[in-house]
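Engineer: One letter stands for each residue in the lines below.
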Amino acid sequence: MPDYSWPDAEHRTLLGKRISRVDSTVKVSGRAKYTYDYRGTNMLFGKIVRSPYARAKIVSIDTGAVEKMPGVKAVEIIQKPGAIVQWTGTEVAAVAAVDESTAEDAVRLIRVQYQRLPHMVSDAEPPAGAAEAAGPMSEDDVWDAVDNQMPDQLFIQYLGEHGISFHADEDLLKGFKGDGASDEVLDAIRKARYHDVKGAPSAYQKAASQTRGDPGKAFAEADAVSEGLYGAFVITHCCLESHGSTAEWPNSDHLFVHISTQNLSGIADQMAEPLGVPAANIRVHQDHIGGGFGSKFAADRWDVTAAKLSRKAGGRPVRMMLERDAELEVAGARPSAYARVKVAAKKDGAITAWQSQSWGTGGPGGGGAPPIPYVFNIPNQHKEHTAIRNNIGPARAWRAPNHPQAAVITMGALDDLAAKLNLDPMNLWLKNLDITGPRQETYREELGIAAELMGWKDKWRPRGQNISDSIARGLGLSLHTWGGRGHESNCDVTLHPDGSVDIKLASQDLGTGTRTAILAVAAETLGIPIEAIHLYIGDTLYPPSGGSGGSSTIGGVSASTRRAAVDAREALFAKVAPALNAQPAGLECLSGTVRVKSDPGRSLSWKQACARLGAVPLTVRGKNPDTSRPPDLTNSGVGGVQMADVEVDIETGVVRVKKMVAVQDCGLIIDLKTAESQCFGALTMGISYALFEEKVMDQITGRMLNPNMQFYRLAGLNDIPELVVHMMTGKGYDERGVIGLGEPPVISPGAAISNAVANAIGVRVPFLPLTPDKVLAALQQKAGA
Amino acid sequence: MPEDDPTKPIEESAGLSRRDFLKISSISAAAVPILGTKVVQAAGAPVKVYGPGKVPVELTVNGNQYNLQLEPRVTLLDALRDQLNVTGAKRVCDRAECGSCTVLMDGKAVYACAVLAIEAQDKAITTIEGLMQGDKLHPLQQAFVDNDASQCGFCTPGFVVATQAFLAKYPNPSPEDIRRGLSGNLCRCGTYHGIQQAVAQMAQKGS
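Chains as they are written, first to last, in this note's numbering: chain G, 8 to 792; chain W, -2 to 204.
Just so you know, the hints here were simulated from the structure itself, not pulled from any lab data. As the structure is a computational prediction, the values presented were derived from the model and not from experiment. For each residue, glycine too, the CB sits at the ideal point set by N, CA and C. Where hints are given, some of them may not hold.
[What the hints assert, rightly or not] Under the rule of at most 20 Å between Cα atoms (straight-line distance), these lysine to any residue pairs were calculated in the SDA-like manner:
id, chain 1, residue 1, chain 2, residue 2
1, G, Lys680, W, Gln139
2, G, Lys40, W, Leu134
3, G, Lys40, W, Lys133
4, W, Lys133, G, Thr32
5, G, Lys181, G, Glu146
6, G, Lys666, W, Ser171
7, G, Lys665, W, Arg176
8, G, Lys665, W, Ser171
9, W, Lys51, G, Met157
10, G, Lys40, W, Gln80
[Said to hold, decoys possible] These stretches of chain W come out as covered by chain G in the derived footprint (C-beta under 8 Å, 3 or more residues):
id, region
11, 71 to 83
12, 118 to 131
13, 142 to 150
14, 185 to 194
Let the sequences and hints guide you as you build the complete structure.
Structural biologist: What follows is the structure in structure tokens.
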């Protein structure tokens, strides 16, 4: 069997080096075509009527006037009268018109009558006793769970444990299916026990409390106990390219969709059922995507609507890209998480006990508990969590789902504990690395490097003791962890008799450097330059590859590409061995030649070698995972340490980050340059959510108050300080295989910055973002205490 | 108050969007709707009145001249993207907040989403596509490539164009100048570090 394993350091010509992003040139020249840039022939423009209310029943929809309007080619009702909308901006109806202005005028002619219903958009701490144990799912709950893409396993488990409070007939089930429910979920609904429930379910749902060890005893025997409040508000994804697609029907049986997606190979299946066409008849295409960050896995309601409008308009392309306000209101949010934490330690800093009451919201679905205590596996714990179901709009995965919130809560609590013990937090962290699990030696090494790069030992002062002229300065740190592994991926490598090579897989490059990684792996394996290979991704004409989530893309595509390229190389060796008078096993590909290992003088150029393939190109398929072609080329589980140095103006409450250090491992690095860029980007995004970002909801109207980029503030160039990134490479890391990097480095910035601010001003600012009002309130509370 | 009575149905249409307001306010001098272009006196100065309906618009983009028929409310950005298929400038915030649509108008950086196409007549418009030197990258574009200053790349064209205008005015900026001078453009992936390095590289070269 061929050796598929990654070449060792001595035999790598490309892997781990600094490789320039292969699609940089088209991006800096404006030639990269994004979904939003696609313009179909005779294209129509879609616009959506959205609910102005956070919760309301639709009484009637009158499309009479718009049907007659010149230039309007199709009208579609998305929510039928009787439907209850659960958040502001819910799609109600849509039009397609010959140009955008006409479409804008047209949606204004659609008259919708609503009956307003009470809403809730708050995620404040649940009042004492308000939380109810989880109960059966109402019909609304099921719709919400389907709309929010609740994972099947969780969904089915919940239905099994708690049952339903409505009668599910086959028509209703068909509706759920049309909205994306899987057959397994439908079966679970059919089998679910019926419970008669009176009245509306509580907005506050209590998760089962969890206890391990003996927290009561551990707290009683502790030398120091620290109590505090920590958390992070709801933020949005704010992809620069908004969500959306352009749909067209080349004929009545076939749909062609250009969509902005992280999940190219998964879109057709999601659209098939609601449109009543086989997934095989749906072609999906995307060249470039302007950001996803976890929010672009679904074929959304607006995408299905675009396809329906196009069908009604005789197949003409319909562009349906979200406006900026809709993008921020409905196309994704990161759930909030807050916690009251009590944590205890022995005099020497050994952490012994954790107790937390946490809460948060992920919109109508409620949302899960953050994984706290994070990284540190504290021996004695008691945890309670309440999920708040409200009308702020649906949550979606946001880079490293739940981890940044867990880091803010845990690392904040431990930092406060260190202050209580008069310990440098570095020492508390080091003292407790034995309870961080399998990556403790990685953390130890990374902490040492980060401390060096930050100048921690020289700069660190006890809390509130580095203030002069109203400027307080402080340092903070945080650790994180993430899984990875590689998603399912299929990759075709074709060698042509003229020496040209092409690679095809239906993956996507989110700006993470996926194209570059695929090409680097293939070029390394075949011994030819990156420029000699044509790569085709972003179309369902190519073999399917997984969605880009959970930092699993690079593991998946690098492994499938490696296996395909190795098999292609072996097949080529078999064809050229006689000409070189050698055994296939005695050949190697290097520097554009195929040559005899023991006698490199006996060689053929790549082109000459490929000419021996005969008249027909050679195509081989590589897969991941593939246990028949060992070893596993990917791995799971990384560490990572970050440190922040901040200045706080104690008169204005303004926080400025002065320097950040990220030390990160991710197994075998394929391209050091784009790997570092991931970390620089994550630090920047982290500064942004730590200091500025919040989805601000108005309690009275139920609307988002800042659905624009002026008041939903992203960090700009002027907010970004000196950033230092150090990637762990070499022994102990390289041999682990490839591990993704999308999530890990974005987890710690908020926690590290929050801790640095506490160190600077001598008091904890409980919640992110650390805006001046919150900083001043904390200072005032400290002064009054 | 019917609106406060949640039990009573009330009627609601989609209303006026901010975008419409921007466009309407830009042509508010047109008190009387008339066809074609007319000149009226507004605050003592002659003002051209366009529309309603489509009017002829002449644009000069990257040295090419285009004659279009556009409603006066169409922005320069939408004219470039939807009429001319010049899509380097991106539509992101659509209200002059993020800089992704930055183009040069007579050499000056402007947000194309905040300029009406009719206002851009008689001006030389340069987009990211116009910075290329044939098939070769402009040195500034090359500096962006060298320093990996793009990830998803959606903000990149706007940043490159804004940087071009910035360096024309401040050829030798300090790091502080760069941070302030380019703070009118936003990136979500977090490529500022690379952009800062790219611009510093150009400044050293003396662009």
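Engineer: May I ask which of the numbered hints given earlier this structure violates, with the numbers listed in increasing order?
Structural biologist: 9
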